[in-house]
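Trainee: If you want the building blocks of each chain, they are given just below.
2 protein chains.
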Amino acid sequence: MEVSTTGCIVAPRGFQAGSTYCGIKIAKDSLDLGIIFSEYPATGTALFTTNQIYAAPVKLSRKIIQKGRIRAFVVNSGNANACTGDQGYKDAEEMVRIAARYLKISEDELLIASTGIIGRPLPMDKINAGIQAAVNALGSTQAHGNDMARAIMTTDTRQKAVAVRLKINNKDVTVGGIAKGAGMIAPNLATMLCFLTTDVSMPAMLLNECLRNSAESSFNRITIDGHMSTNDTIAIIANGAAGITIPVKSNELQIFQQGLDYVTSYLAKAIVLDGEGATKFVQIDVIGARSRSEATRIARSIADSPLVKTALNGEDPNWGRIVSAAGYAGVELDASKTTLYINNILIFAKGMPTQCDLNVLSTSMKNRDITIRLELGLGDYKDTVWTCDLSHEYVTINAEYHT
Amino acid sequence: MEVSTTGCIVAPRGFQAGSTYCGIKIAKDSLDLGIIFSEYPATGTALFTTNQIYAAPVKLSRKIIQKGRIRAFVVNSGNANACTGDQGYKDAEEMVRIAARYLKISEDELLIASTGIIGRPLPMDKINAGIQAAVNALGSTQAHGNDMARAIMTTDTRQKAVAVRLKINNKDVTVGGIAKGAGMIAPNLATMLCFLTTDVSMPAMLLNECLRNSAESSFNRITIDGHMSTNDTIAIIANGAAGITIPVKSNELQIFQQGLDYVTSYLAKAIVLDGEGATKFVQIDVIGARSRSEATRIARSIADSPLVKTALNGEDPNWGRIVSAAGYAGVELDASKTTLYINNILIFAKGMPTQCDLNVLSTSMKNRDITIRLELGLGDYKDTVWTCDLSHEYVTINAEYHT
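Protein chains in written order, with this note's numbering: chain U, 16 to 418; chain C, 16 to 418.
Only chain U is shown next, with the shape it has when bound in the complex (with noise of 0.2 Å):
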């Protein structure tokens, strides 16, 4: 599996990336409009967010992705369209129209994703022009690719972008992706986007099974302070360029499985290590549990306790507040047979903290890298999350903003 991080959304073969400044962001030297488009017809698919309160575009896209016939993503940042009422369901419909227009497309073969302010009516007349201006910067350079990873950012300190090639049956096979992530944007929330190409043939109802796998092992992982957004989106388009159809229950599922799952693990790390105010890269294993669900739910009771948070910004091996972080996530736990790992060193067993070298395990903690593993001896059952640390950058971002 060959990895790189330049061009990534256009690595797959018939892909075209084009972006644009229209005026939505306040920054003139950003992008805040792109389109990724398949020079072939593509099935595709998508993901979207469940929170109760959702944008416009995600009320729409969840509608248009009903036939699975996808080859175009038309994204802005800058304005998420949320909390918009009619109005804005009526202004992601117009945006739909406008680019099915100038991609010379159906009207049912492209989503639309927003990200940015919210409450704030979409600026028709800029998106017009910036679909416009982006259908006519389409190419497929890296410039093009990595054009397109900044178009989709809002505070986000950095692109996120990786592509990896695979060998199926002999023949190269590319999964290319973009994320945005965890940064917080006036006035508002980190909405999660990440879209995903690739040059292999699959029946949308595959590409969607593939898709829920990848995400369950990368997205559904992370947690930077457990909010939601209105508007996150992962959606994946495959147009077969490469001359290869993807058979169900196949080996050649098997490969492309992992090739996606390594593109959509890398991202979501990614956002959890551009998170706001993120000093730490925080995994946190849970094994032994009775069930996948009840490690899940332990695992994300330690990794959005503030108190564990923020413990991890100040590099303390605090192992009592992630024990009892643990004991209140609503699962039944025996202290006796919990067993705490920080850093691969034994700190807490039988109930009790353990004599471990406390200076070695606190010199651990200076690396930005934080492994937690906590073992219930309950049953066979295991999850893992990422997250990261509670800063004052953290608090400093969130606090100084003004609605």
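None of these hints come from the bench; they were simulated from the model. Predicted, not measured: the structure shown is a model, and the values here were computed from it. Check the hints yourself; a few may be wrong.
The list treats identical chains as interchangeable, and a pair is accepted whether it falls inside one copy or across any two copies.
Cross-link-like lysine to aspartate or glutamate pairs, in silico, EDC-like; alpha carbons within 20 Å at most [claimed, not checked]:
hint: 1; residue 1: Lys397; residue 2: Glu231
hint: 2; residue 1: Lys182; residue 2: Glu54
hint: 3; residue 1: Lys82; residue 2: Glu224
hint: 4; residue 1: Lys78; residue 2: Glu122
hint: 5; residue 1: Lys78; residue 2: Glu224
hint: 6; residue 1: Lys105; residue 2: Glu390
Once you have looked at the hints, place chain C on chain U.
Mentor: The following block gives chain C in isolation, referenced to the frame of chain U:
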């Protein structure tokens, strides 16, 4: 209802308190062991943490409380006797034996509680000397009551105590209480302790029902950072010294319940106000829900959102963070029916922000007390949660401690 905030725990007739410094805490000018004692045999009941990792005194007190005959609370601060294994439980048993001997009561007539550092053995020689000194110090003056309120504090910045005098059948009845709260304690948790005394007579079962009702409308309504401790305990003694017995389903019971509710609500709010780094007291009302539990889930989702809490710290009326936190609470919502008031100003309706006067709203955010009212328009149920903001001070306190 007469309210007083001095001497509180000994305000009901027939109660004494005694406190001492016995060397568990480092600060020599502090108090770290206290005893509340009823001069007469009494009934008692208690509620304990639901954290699965619970401390030895909780385990033992859970056992002792079964008989419902309690006339003393023995409490130390500075060491929580949590995560201390078998030895911790033996130490808790020894603490009960020592206290029963000095108080000349039966071992099943007293509850113990501990708060402070976790994972370290209880210094039993100090506990022994401390209990003896506290018994010798027992008395009923206001100073005795005030010292007791201080003896249970850890990093609380102020004592939390209140007493109310009620008229029941023309007799004076008093309910007194003290609590400690959200002060973090090295290396760990914010243990919540609350001790209550009253001079009515009441069967333990009925007293338990009253305490549960009161806790439900007070301590169960507050959240500082969602982190529940290993040692949380709420306990009450009723000694009958006022010469009145409270019958079931009576008018007398209603008056008593109101008095108890006042005391527990006062103490719960005092805990929030003394939360680490707290600068705001925030009441979150969710109304129009399909069920009480759905209202609770949404109120807690808002209260525990770090994005909402940092916005409150920044005095920003950030409706988007509030509405979206409601949206991911796992409750089905209809954005078009959702209405949000901040400080009684309508800021969100019909899925969109309103044209309210943002200057007036922003100015009102400078008050210490903030109200958030979210109307769901789905049913007739409601709930209320009290919380505080998330400040730089919170991060400083919790990141700078080292295990």
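Trainee: Hint numbers the structure violates, sorted upward?
Mentor: Violated: hints 2, 6.
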